Amino acid sequence: RPEQHIKVSELAKLRDLIKKTIEQGYFDDTNKTPVTAELLGRAIESGLQSSMTGFDQYGPFHNNGHMLLAFINFQNTKELDRGVMGDVRVACRDPVFWKWHRHVDDLFRMYQEKLGPNHFNDCPPVQISSDGIILCFKDKIPGIKGLKDPQQDIEATKWGEQTFGGHNFHKEHDRQSTNELETKMKQRKHAWIEDDQSTQIIEYLFPRECFNEWIEIDKFKQELPPKCGTVVARDCDRSSVVRQPPQKTIDELDDTAIAANTEDQESDEEQYCDCGWPFHLLLPRGSRNGMKFKLFVFISDWEKDKVHHVTRCGSLSFCGAERPKDKYPDVRPMGYPFDRPFKDCSFEK
1 RPEQHIKVSE LAKLRDLIKK TIEQGYFDDT NKTPVTAELL GRAIESGLQS SMTGFDQYGP
61 FHNNGHMLLA FINFQNTKEL DRGVMGDVRV ACRDPVFWKW HRHVDDLFRM YQEKLGPNHF
121 NDCPPVQISS DGIILCFKDK IPGIKGLKDP QQDIEATKWG EQTFGGHNFH KEHDRQSTNE
181 LETKMKQRKH AWIEDDQSTQ IIEYLFPREC FNEWIEIDKF KQELPPKCGT VVARDCDRSS
241 VVRQPPQKTI DELDDTAIAA NTEDQESDEE QYCDCGWPFH LLLPRGSRNG MKFKLFVFIS
301 DWEKDKVHHV TRCGSLSFCG AERPKDKYPD VRPMGYPFDR PFKDCSFEK
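So for the sequence shown, full-length UniProt numbering puts the first residue at 1; every next one is plus one.
It should be emphasised that the hints constitute simulated quantities derived from the structure, not laboratory data. This structure is a prediction, so every number in the text was calculated from the model and none was measured. It cannot be assumed that every hint is accurate.
Unchecked claim - Computed cross-link-like contacts, DSS-like style, restricted to lysine-lysine with a CA-CA straight-line distance of at most 27 Å:
id, residue 1, residue 2
1, K114, K32
2, K99, K19
3, K99, K32
4, K114, K20
5, K227, K306
6, K114, K221
7, K7, K19
8, K304, K292
9, K343, K19
10, K327, K32
11, K114, K304
12, K227, K292
13, K114, K227
14, K13, K99
15, K327, K114
16, K99, K7
17, K32, K20
18, K227, K248
19, K221, K99
20, K248, K306
21, K221, K248
22, K343, K114
23, K292, K306
24, K99, K292
25, K99, K227
26, K99, K306
27, K248, K304
28, K304, K343
29, K343, K294
30, K304, K221
31, K294, K20
32, K294, K221
33, K306, K327
34, K114, K99
35, K227, K327
36, K343, K306
37, K327, K304
38, K248, K294
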C-alpha cells in the first residue's frame, strides 16, 4: 500500500512479542504492566497506545494481518485493488478469514489456559432435563420418532402443533427446566461439534474437552417460579449473537449495503446497529451426511449477573459495548463459562 508497507517479517515479530508477553505475564513497558484480557485483546487487535515507554512496540497485529492478506495478490505489482479481507463487512467471504481468525484466537487461548478453570460455586439450584430440550422450526413441528405408519406421524405432528404451537408456545424454540429457588436466571446456550467416536480411550483428543471449540448461540434472562416445572420458549430471532433486527432475505441485506466507490459516513450508533453475527450462520452448517452436536445450557444467577443494557439493534454478545466508554454488557467475562479451561479437562465438571 502506498501509505503503509506491511512486511511478513514485521508481522511475525509482533506475533512473537505477543507470545512472549503472554508467557511472562506482563507487557514489555517501563512498568511491566500485568497482562489482562482487555489489554491483551487491544494489543492483538489494533495495538496499544500509551504514554508509557514500551507500549508503542505492540502494533496492530490482527488488523495488519487482514491488510496483508487483502493485498497478497498484488505484492509485486502496482495494482491497488484489495481483496475482501480489507473490508470488515465482507471479509468472511474469503476462506482465509477463518484461518486467520483461528490463528488470532490461538494466541488469546494461550492466555486463557494460564488462568485456570472457572469455579461455579455461585450457581443457582436449578435442574434441566436433557430430554426436555426441543428444537422447533416454523415449517415443521417435531413428530414422534419410530412411527412406521405415515398417518400416525401426521397425527403426532398435529398433536405437537396443538401442544407446543399457536398461542400456547412459540414454535421456534422450547426448553423445559425446573428449579427450587425463586430468582431470575441468565441462560447461556452453546453448541460444539460432536465427534463420531464411540470410545474415549484418549479423552483429551475429544473436541468437547476444548473450551474454545464451543459456539455461543444465545443468552437471555428468564424468571423461574419456585419448585415447579417451567416451559420456556425462545424465539431464534431474538438471539443475543445475531444482528438485531436479524436480516434473513437479500432485500434486508441490501438495506445496509454500502454503495461502491463511496465513503462510509456512518455514525458510531449506525455502525453498532450494523454489527452482529449473520442470522444464517447462527447454527453450524454440518455436512451432507449429518453431523452430531451437543447443546450446552448453562444457568447462572441474574442477581449476580445483571447489568444495565438498553439497545434497539446490534448484537449484545458479538458487538460488546455500544459506545467506546461503555463497559462490556455482561458482568462475566466474554465467552463465559467457556473463557477458561475445564476442570480436570471435562466440560461436565
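For each hint, the structure was consulted:
With a CA separation close to 18 Å, the supplied pair K114 and K32 stays within the 27 Å bound. Of the supplied pair hints, the one linking K99 and K19 holds, its CA atoms being roughly 18 Å apart against a limit of 27 Å. In summary, the hint linking K99 to K32 is not supported, as the alpha carbons are separated by about 32 Å, beyond the 27 Å threshold. The straight-line distance between the Cα atoms of K114 and K20 is roughly 13 Å, inside the 27 Å bound, and the hint therefore holds.
With a C-alpha separation of about 23 Å, the suggested pair K227 and K306 falls inside the 27 Å cut-off, and the hint holds. The hinted pair formed by K114 and K221 fails the criterion: a straight-line CA distance of about 31 Å is larger than 27 Å. Taking the CA atoms of K7 and K19, the gap is about 19 Å. The hint holds against a cut of 27 Å. Between the alpha carbons of K304 and K292 the distance comes to roughly 34 Å, so the proposed pair goes past 27 Å and is violated.
For the hint pairing K343 with K19, the CA-to-CA distance comes to about 24 Å; that is within 27 Å, so the pair holds. For a cut-off of 27 Å, the pair hint linking K327 to K32 stands: about 25 Å separates their Cα positions. For the suggested pair K114 and K304, the alpha carbons sit about 25 Å apart, so the restraint of at most 27 Å is met. For the proposed pair K227 and K292, the alpha carbon gap of about 33 Å is over 27 Å, so the pair is violated.
Under the criterion of a C-alpha separation no larger than 27 Å, the hint pairing K114 with K227 is inconsistent with the structure, at around 40 Å. Among the hinted pairs, K13 with K99 is consistent with the structure: their alpha-carbon atoms are about 19 Å apart, no more than 27 Å. Restraint check for K327 and K114: satisfied, since their Cα atoms lie roughly 24 Å apart, inside the 27 Å limit. For the hint linking K99 to K7, the alpha-carbon distance of about 19 Å falls within 27 Å, and the restraint holds.
With a CA separation close to 13 Å, the supplied pair K32 and K20 stays within the 27 Å bound. Taking the CA atoms of K227 and K248, the gap is near 39 Å; set against the 27 Å cutoff, the hint is violated. Annotation: proposed proximity of K221 to K99 is violated, straight-line Cα distance about 34 Å (limit 27 Å). Proposed proximity of K248 and K306 is contradicted: the alpha carbons are some 30 Å apart, above 27 Å.
Taken as a hint, the K221 and K248 pair is honoured in the structure, with Cα atoms around 25 Å apart against an allowance of 27 Å. The hinted pair formed by K343 and K114 meets the criterion: a straight-line CA distance of about 13 Å does not exceed 27 Å. For the given pair, K292 sits about 33 Å from K306 by alpha-carbon distance, which is inconsistent with the 27 Å threshold. With a CA separation close to 23 Å, the supplied pair K99 and K292 stays within the 27 Å bound.
A threshold of 27 Å between alpha carbons decides the hint, and for K99 with K227 the separation of about 47 Å lies outside it, so the pair is violated. In summary, the hint linking K99 to K306 is not supported, as the alpha carbons are separated by about 35 Å, beyond the 27 Å threshold. With a C-alpha separation of about 35 Å, the suggested pairing of K248 with K304 is violated against the 27 Å cut-off. Between the alpha carbons of K304 and K343 the distance comes to roughly 22 Å, so the proposed pair stays at or under 27 Å and holds.
This hinted pair checks out: K343 and K294 have alpha carbons roughly 19 Å apart, not beyond 27 Å. Distance restraint check for K304 and K221: the Cα-Cα separation of roughly 12 Å lies within the 27 Å cut-off, and the hinted pair is therefore satisfied. The straight-line distance between the Cα atoms of K294 and K20 is roughly 35 Å, outside the 27 Å bound, and the hint therefore fails. This hinted pair checks out: K294 and K221 have alpha carbons roughly 22 Å apart, not beyond 27 Å.
A C-alpha spacing of about 13 Å is found between K306 and K327, which places the hinted pair at or below 27 Å, so the restraint holds. The straight-line distance between the Cα atoms of K114 and K99 is roughly 24 Å, inside the 27 Å bound, and the hint therefore holds. The straight-line distance between the Cα atoms of K227 and K327 is roughly 35 Å, outside the 27 Å bound, and the hint therefore fails. The hinted pair formed by K343 and K306 meets the criterion: a straight-line CA distance of about 26 Å does not exceed 27 Å.
Distance hint between K327 and K304 is fulfilled; the C-alpha atoms sit about 16 Å from each other, no more than 27 Å. Pair hint K248 plus K294 holds up; C-alpha atoms about 25 Å apart against a cutoff of 27 Å.
Consistency with the previously given hints fails for numbers 3, 6, 8, 12, 13, 18, 19, 20, 23, 25, 26, 27, 31, 35, ordered from lowest to highest.
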